[in-house]
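Novice: We have chain A; now place chain B onto it with these hints.
If you read the sequences in order, they're chains A and B. Our numbering puts the first residue of the first sequence at 27, with every later residue one more than the last. Our numbering puts the first residue of the second sequence at 2, with every later residue one more than the last.
None of these hints come from the bench; they were simulated from the model. Some clues are possibly wrong.
[Stated by the list, open to error] Here are some chain B residues pointing at chain A (derived, C-beta under 7 Å):
(1) T10
(2) A37
(3) A40
(4) F94
(5) A109
(6) T129
Glycine is no exception: its CB is placed at the ideal position from the N, C-alpha and C atoms.
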Amino acid sequence: MEVIISVIIGFMIIGAIFALNAKDLLSAVIACGIVGYGLVICFLLLKAPDLAIVQIVVETITLIFMVAVILDSSSKELNEKRWTHLEGTSYINTRFVVNITTVIVFAGLLLFFFSQAIDVLAPFGQHVTRMSTAYIENGANQTGSANLVTGILFDFRGYDTLGEATILFTAVIGILTILRLKGKQ
Amino acid sequence: MTSIVKTVTRLVVGVIFIYGIYIILHGHLTPGGGFAGGAIIAGAFILLVLAYGSDMLKLKAKEAGSSVMESLAILAFLLMAVVAFFLGTKVFFHNYLPKGIIGDLISAGVIPLYNIAVGIEVAAALFTIFLALVIFKEESK
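Okay, chain A solo, but in the shape it has when bound:
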């Protein structure tokens, strides 16, 4: 288990370093995707399928957004560089074959890890709720809060709440920065 996770984290580090040194933005974004999907496999191996599903959704949406933005903003160079189709050559060349093979291999890899992670989970309907049971039984007495949700949110899971508040703060800063028309000098 630790060996597999170490190998995947090594791949993630290589992807992150490649993203920093990539020549064009598109390769950098795709290399960032390696980090995200490697994290998905790590979550699966650490028995956190809910986090893995969230990570898959967020990573895919972010990747699509970023690729769309890059294709839109730098479409001219890309069109000249990548998609020129010479007369007389076939559409099926080495590059397409390599691309499709890579996609199939990595999809198979993700499915393999998914099946492995599902094997070690408890069967459906007999889930282990050690933490939830402890929270429900002792939550009110330990936090003094009658509303159990608030008690967990601000006491047991205080770090999570701080993270949520920070996300909102960062979002506002980003919006204020992007939507500023005047005063750039």
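Specialist: Chain B in isolation, oriented as in the chain A frame:
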């Protein structure tokens, strides 16, 4: 906006505001809390701006104010957690005030204070986003 909208807003906006404050203050007793109550208070402010409008200078002053308010609120939230680290048993987010009787309005230690800070932060954040969008639209005309 028409006078119908203005009159209805004048009647309703205070109730919405009070309801948001109630949701925040009773966050540790009833469903709700800082996030929900903050969204309701931001809704009251947004309703006011939508119904009555405002000129650009006032909007910009409001945006600056709410932005500062948001930063102060999240700073207060963080400071309360850090104070817990120094006062209590060296635990971040430790509940260091007396817990009181479960079900009372003043109970649960620091949780109501956290709720108030998060409520102010959410309300100011949503209102700032709204004002930034409005100002952007006005400026780009």
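Novice: Now tell me, hint by hint, if it's right for this structure.
Specialist: Consistency of the hints with the structure:
1. Interface hint status for T10 (chain B): violated, as the beta-carbon distance to the closest one in chain A is roughly 25 Å, over 7 Å.
2. At its closest, the beta carbon of A37 (chain B) sits 10 Å from a beta carbon of chain A; the interface hint therefore is violated under the 7 Å criterion.
3. Against a cut-off of 7 Å between C-beta atoms, the interface hint on A40 (chain B) is violated, since the closest Cβ of chain A lies about 11 Å away.
4. For F94 (chain B), the shortest C-beta to C-beta distance to chain A is roughly 3 Å, which falls under 7 Å, so the interface hint holds.
5. With its C-beta approaching chain A no nearer than about 4 Å, A109 (chain B) sits inside the 7 Å limit, and its interface hint holds.
6. Using the Cβ-Cβ criterion of 7 Å, the hint placing T129 (chain B) at the interface with chain A is satisfied: the shortest such distance is roughly 5 Å.
Hint violations for this structure: numbers 1, 2 and 3, all remaining hints satisfied.
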